[in-house]
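A.B. asks: Here are the chains, one letter per residue:
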Amino acid sequence: MTEFTLWDILRNLLLATRWTIVLSLVSFVGGGAVGLLLLFARISARKAVRVFARCYIELFQGTPLLMQLFIAFFGLGLFGIAVPAWLAAGVALILWAASFLAEIWRGCVEAIAKGQWEASASLGMGRLQQMRYVILPQAMRIAIPPTVGFSVQVIKGTALTSIIGFVELSKAGTVVTNATFQPFTVYGLVALIYFALCWPLSKSSQILERKLNVAHRNH
Amino acid sequence: MSYHFEFNWLAQYYPEIVKGIGITLQLILIGAVLGIALGIACAWARALGPAWLKPIVATYVELIRNTPFLIQLFFIFFGLPSLGLQLGELQAANIAMVVNLGAYSCEIIRAGIQSTAKGQFEAGASLAMTPFETFRHVVLVPSLQRIWPALSSQVVIVMLGSSVVSQIAAEDLTFAANFIQSRTFRAFEAYMVSTAIYLILAILLRQALAVIGSFIFPRRAAR
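Taken in sequence, the protein lines are chains H and B.
Residue numbers for the first sequence follow the UniProt record's numbering, so the first one is 1 and each next one is one higher.
Residue numbers for the second sequence follow the UniProt record's numbering, so the first one is 1 and each next one is one higher.
No lab work stands behind these hints, which were simulated from the structure alone.
Values in this document were obtained by computation on a predicted structure and should not be read as measured data.
A virtual CB, placed ideally from N, CA and C, is assigned to each residue, including glycine.
Hints may be right or wrong, so weigh each one.
Partial selection, computed: residues in chain B whose CB lies under 7 Å from chain H [stated by the list, open to error]:
#1 Tyr3
#2 Leu70
#3 Gly79
#4 Ser163
#5 Ala187
Whole structure, please, built from the sequences with the hints as guidance.
C.D. replies: Shown next, in the form of C-alpha cells:
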C-alpha cells in the first residue's frame, strides 16, 4: 500500500485550489456583469421590468444554490446541450451571484440622496447619463466593502460545485480522503486553504468599511 | 425541444418528499434555536466577556465564517470519528448547522449589543443590577429586537444551505429529490418540484420569523 506524506496531500489539494480560484473569478466577474444589468432592471422606470427583476432576485435568493446547480446540470441537457460540470457550475454560480450583487448594489444606489437625481435631471440628463455620471460614481464608493464581502460567499459557494462533479478543492478533498483514509487531516487542510483564500477578503472588507465611515464623518 | 414533462411520479413518491420536508424543518428548528443560543453566548463573550475568552471566540467565528458549510459538515461527519467521536448523519447535520449559525448570529447579535448606548449599562448598574442582570434584562432584549430582521435572513440562508446535508446521507428534501431522480430518471422535474418547495419554505419561514419576532418583542408591535 502506498504511504501518503502530508506534502503529498497538500500538494494535490493546492493543485485543485487553482480551479476553485478560476471558478470564483469567473462567477464573480460574470455575476457582476449580469448583476449590473439586473440592477438597472430593478430600478427601471418601467414597472414590468422592475417586477421581473424582483422575481428573479426572489427566486435565486429563495432557493438553495445546490438546487440551482442541479437544475443547470440536468436542465440544460434537455435542450440538447451536452453539459459538462464546469459549464453548469459557471452558469449557475453567475446567475446566483448576480441576484445578490444586484440587491447589494441597489441598496447603495438608493442610499444616494434624492437631490442628486433631481439635480442631474434638472441639467437635462437622461436616465442612463444620470446613472453613468452622477449616481454610480458615488454609489460605487459605498458599494466596495459589501461587494468585497460577498466575494467570500462566492468562493464558499464554489464548494458546492463538487457535488455535481466539478473537480475543485472540495472534490479533491473527497478524492484524496478516499485514497488516504485520513479525513481529519484532509478536510482540516481543505478548510484551512479556504480560510486562507477567504479571510484576507473578509478582513479587507471590514477595513474598507471602517475607512469609508471615517471619510463619511469628515464630510 | 421534444422533451415531455412528466409528473406522474409525484403520486408514488410524495411520501418521500413529505418526509424530506419534515427532516429539513426539524434540522432548521433545532439549528435555529440552539444556533441563536450559541450566538448569544458568543456575542456576550466577544462584547463583554473576560479578556482570555475573546480571542478564542473570535477565532471560532472567523474560522466558521470563512470556510464553506459543506467542508464543515464533512469535517464533523468524516473527520471527527478519527478522534473517536462517531456521529449519526442527522446528529452531524444538526451540530454543523448549530456551529455554523452560532458563528454568524454571534456577529449579528454583537452588532446589536455594541450599538447599545453606554447609558443603558450605567442605568442598569445604578439600579443595583449585577452585570449579568443588566445584560439579560436591559441590553440583550432590545439588542435582539434591533437585529431581528438580519437574524431572520441568516436563519433562512442556513435553511437553504442545509440542502447539502444530503451529501452525508441525511434524508432531507434534497435527499428525497436525489432519490426520486435516481429511481425515475426524471431529474429535471424532481429538482424543479423540490426547488419550488424550498422557495415556499423560505417564504413561510421568513413570515414565521416575523410573527415570532412580534411575539417576543411586543413593545414594538404595539406601537
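A.B. asks: So which hints don't hold here, by number, going up?
C.D. replies: none
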